[in-house]
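K.L.:
Next come the chains, spelled out residue by residue.
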Amino acid sequence: MIHFLNWFRRGSLERGLDRELQYHFDRRVVDLSASGIPEPEARRRAAAELGLAQVREEVRDVWLTRWFRDFLYDLRFSVRSFLRSPGFTVVTLLSLALGIGATTAIYSLVDQVMLHALPVHDPASLVLVDWDGEEVAGGFGSWNLMSYPMCRDLQQQTRFFDGVLCRAETDVNLAAGGDPKPVAAEIVSGSYFSVLGIGPALGRVIEEPDDAAPGAGPVVVLSHDFWEAEFGGAADIIGRKLLINQHPMTIVGVAPVAFHGVDVGGVPALWIPASMYAEALPGAEDLLNSPTRWLQILARLRPDVTPAQAQTGLLPWFRPWLEENARRPGFPVIDAETRRRYLASSLSLTPAPQGHAPLRRTLSEPLWVLFAATGVLLGLACLNVAGLFLARGSARGREIGTRLALGASRGRIGRQLLADSFLLALAGGALGIALAQPAMRALLAFLPDYATDSALRPALSFRLLTFALFASVCAGLLSGLAPALHAGDGSLISSLRERAGTGFGGVRLRKCIVILQVAFSLILVIGAALFVRTLADLQAKGPGFDTASLVSFSLEPRKNGYSAADSHRLIERVLDAVRSLPLTRDSGIARNELLTDGSWRNHVTIQTDRRFTTDRGVDLNAVSPGFFATLNVRLLAGRNFDQHDSRAAAQTGPASAIVNEVFVKRYLTGRDPVGVQIGVGSGPDVKTDITIVGICASFNYRDLREEREQAFFSISDKNEDFGAAFYVKVRGTPDQAFQAIRQVVRNADPQLPILGLRTVDEQVTRSLNTERMLAALSGSFGALALLLSLIGLYGVMSFVVTRRTREIGIRLALGATGASAIRLVLRDAFAMVAAGIAVALPCAAALGKLVQSQLFGVTATDPATVAGAALVLAAGALVAAFIPAWRASNVNPTDALRLD
Amino acid sequence: MPSPRFPIPQGTLDMLILQILSLEPAHGYGIAQRLEQISRSVVQVNQGSLYPALHRLQQKGWLRAEWKQSETGREAKFYSLTHTGRRQLAVEKNSWARLSGAVKLIFEEGSR
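Sequence lines, in order, name chains A and B.
So in our numbering, spot 337 of the first sequence is number 337, and the numbers just go up one at a time.
Just add 1000 to the spot in the second sequence (first one is 1) and you have our numbering.
Everything labelled a hint here was simulated from the structure, so no lab data went into it.
Ideal Cβ positions, reconstructed from N, Cα and C, are used throughout, including at glycine.
Just to be clear, a hint being listed does not mean it is correct.
A few chain B residues that face chain A, going by a derived Cβ cut-off under 8 Å, partial list only [as the list claims (entries may be wrong)]:
#: 1; residue: HIS1027
#: 2; residue: TYR1029
#: 3; residue: TYR1051
#: 4; residue: GLN1059
#: 5; residue: LYS1077
#: 6; residue: SER1080
With beta-carbon atoms standing in for the labels, derived distance ranges [stated by the list, open to error]:
#: 7; chain 1: A; residue 1: GLY36; chain 2: B; residue 2: SER1049; range: 32 to 38 Å
#: 8; chain 1: A; residue 1: VAL91; chain 2: B; residue 2: PRO1009; range: 34 to 40 Å
#: 9; chain 1: A; residue 1: CYS512; chain 2: B; residue 2: ASN1046; range: 22 to 28 Å
#: 10; chain 1: B; residue 1: SER1049; chain 2: A; residue 2: ASP304; range: 55 to 61 Å
Short derived list, chain B residues pointing at chain A, Cβ under 7 Å [unchecked claim]:
#: 11; residue: GLY1028
#: 12; residue: GLN1047
#: 13; residue: PRO1052
#: 14; residue: ARG1056
#: 15; residue: ALA1076
The whole structure should be built from the sequences, with the hints applied where relevant.
P.N.:
What follows is the structure, encoded as structure tokens:
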């Protein structure tokens, strides 16, 4: 590397060498003269002995190796030639910078969401332990759910594991002096920090004794960010008390800066030992001994064990464990067939160096789609630059011809052109990185609701820079290779003889480039059209209920220390107060909020003339009588709930249900559904003592796409009470309503946080964030791609017209009309566009399968969409080709013939 | 008519330069003259190849150079051995001795 520095001091090196050689030369002349040789002869002899020019070159080679020196000269030459043609430079730089910037920005998300290993000790040996088979036991949470006893028992399997941890995420109400507010928390086993190899930044982490018995560890560890944001990084934080869901707990430590838990999509503010589940998850049953699935299990494999080995090795232990588990309290009663499938279950171990993240599940596909799209875009930008290089190459034909004639090798000329493209690509890359940062910030703003609390950052990392460099070098090679190879052929004589402007740059190569560009951009335009249609369709369709002037919010009184009965009373009181607000037109509550990607889902057992269980989970909810009216959901048959339903005393569980149209269509066709008895659950012990009293129109519950079977019960204090979502139809502006609602809740309990107070329209918008991200980004990529390929087409057609000026002139002189000249050129252009479309269509069809799951209302090969995209492309091509064509028709035959 | 002179064997020029400089610092012309004297009528050193070699050795850190007044009163670039240069000379001498010893052995073996 020291050699490299010599480049910068080559001036002083040269001067030193000159002096040194001059000294030698003078001394030699003096010595030779002294031996009687006349001075002119002595000078001649001395010069010949020394070979000055040769020595200088050889010494320079010592300073900097030859190829490196040549390369630096090439670069300097490139810089000069770029500065001479600023227009060309700006266009090419911008194309590359856009391509590289977009790719880098998307890659940063791909990297953070999918590829980046957790900042823990040896993440490569972590595996996610999941259930493979019939799970039977109920659960709550996202994915890969396991029970706490399972984690405890796996910890005994030291033959395979160096440690096993379990964790679950939740929101808790935290009060540290002031009013309680919801924060994200991770409930973890005592082994969590030691297995991950995470030590404290301050105090201590959660340890085994904290998790030894229920209630054993009323302690929390704060995340570094939360400690700084909430407590100003106070040094005396250890030992302070705070209230978690109104239960006092002690802060025992602060986690290191870089550690954000094992889920990149959910950053906890604090960690709580699993022994405190009852405080962290109010209303939960005995979670430490029951088979309820609510945590993810991560294990650290022993160094000499592969996941596959551990998986098979665990089976002999796991089979008897299944029997034992079925005897735990709370294990559901199941029929023989289910039991057989349950006992055939096994454990699956998947490498999890990135931890567990539901975000990965939902975002990975859209992100890969976008990453592929940016890859295509970058390819397109490279092709564009290659085309421009070829054009410049032909403009420089004379210069290159002259250099060849002066003895430059073709390899040398090719290398010069490669240096051009590398320089451009690296400069484009640097510019792209600068562009990538705002692009990343914009991207993160697009991310769905559930990803906003994530650890995703618009930060440039070393990996990202490496990637951008890699992308730039690839871009340089791609865009420079064709012109560089092209510089090698073509006859020297003819290039010198030809007029400038028509020399290098074969028409065929440039046409191939344009065909590829057209194909690439058509693929992107089709993709954009599909995603835009998906978004538009979903928006037009809506959630199936009336969202106008509809406001919603949630309360979770149990996290503020309320008992189930008190919580229910408070909710009723708030509902009454909301109902009596002058700006309220209608109001209702539901146990579960709508359009949050989640639901209360269980199988339903139906008793008609026979008893059967639904073949898949039914989305359940408990609602107040006013709910359907507030959402403007029609009742198609039967009756609404009334006070009688919700106040049904003496019974456990609900007595009446309203099911939706889809439910009836799937399970109760051909009979009157009103009066049918159903029960929640699938086991043989499920009592079918709930009567269907009404049928409602279908609307969306979890998200905007899915219209599933739904069943509603009347909300009452008999339901498991985790809180309620309020829906209020208001008069006037939402802001007035927000103010009034805040006042109502404050009157009821000033300490109770109001969750998610917003209009339902906003909720709808939020739930479409992924779709909006795909539509907006693929749309802009498509537009950019179209622009790039049309510029390419325009360029090559102009070139063709210039080349054929003479031919066109002759045709015109022989009586051809201007229109026929236009036809001549347009035919050429359309042949290219047609070829491009022919290349693109099968590719688009193949790629379509990959994006199908992201679409709604259209298939990936929807003929109208594909035809529309092709039409847009063809129309653009017509405009791009018409300008040179029109110029061709205006060729003056006499001028054209005089040109040579 | 001088007797035929051999071109200097590949790789030995560096060693010779180190050897000459191990006695005392010298400038390029001085080294050339010393080479000329030592090798007179046996090996032929192209004066032009001296300077690339000097710069190479300096770049490797075996030589250091400074501008000093020469015997004629003019400033000349004097080269001298660095510590690592001295070590390198010992290494090269040693390997040269082993090589020439081996060659001699082979010749003696062949002539028996």
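K.L.:
Against this structure, judge whether each hint is valid.
P.N.:
Each hint, compared with the structure:
1. Because the smallest distance between the Cβ of B:HIS1027 and any Cβ of chain A comes to about 7 Å, under 8 Å, the interface hint for this residue holds.
2. Given the 8 Å rule on beta carbons, the hint for B:TYR1029 holds: about 5 Å separates it from the nearest Cβ of chain A.
3. Interface restraint check: B:TYR1051 against chain A, minimum CB-CB distance 5 Å, threshold 8 Å, status holds.
4. The interface hint given for B:GLN1059 holds, since its Cβ lies 6 Å from the closest Cβ of chain A, which is under the 8 Å cut-off.
5. Nearest Cβ of chain A to the Cβ of B:LYS1077: about 5 Å, under the 8 Å cut. The hint holds.
6. Hint status for B:SER1080: violated, given a least beta-carbon distance of 15 Å to chain A, over 8 Å.
7. Under the hint 32 to 38 Å, the C-beta atoms of A:GLY36 and B:SER1049, about 28 Å apart, miss the expected range.
8. Take A:VAL91 and B:PRO1009: their Cβ atoms lie about 58 Å apart, and the range 34 to 40 Å is violated.
9. Against the hinted window of 22 to 28 Å, the Cβ-Cβ separation of A:CYS512 and B:ASN1046 comes to about 53 Å, which falls outside the hint.
10. For B:SER1049 paired with A:ASP304, a C-beta distance near 60 Å keeps the hint of 55 to 61 Å intact.
11. A cut of 7 Å between beta carbons decides the hint on B:GLY1028: the least distance to chain A is about 5 Å, and the hint holds.
12. A least Cβ separation of about 5 Å between B:GLN1047 and chain A falls short of the 7 Å threshold, and the interface hint therefore holds.
13. A hinted interface residue such as B:PRO1052 counts as satisfied when its beta carbon comes closer than 7 Å to some beta carbon of chain A; here the least separation is about 4 Å, so the hint holds.
14. Taking 7 Å as the C-beta cut-off, the interface hint given for B:ARG1056 holds, the closest approach to chain A being about 5 Å.
15. A cut of 7 Å between beta carbons decides the hint on B:ALA1076: the least distance to chain A is about 5 Å, and the hint holds.
Hints 6, 7, 8, 9 from the list above are not met by this structure, while the remaining hints are.
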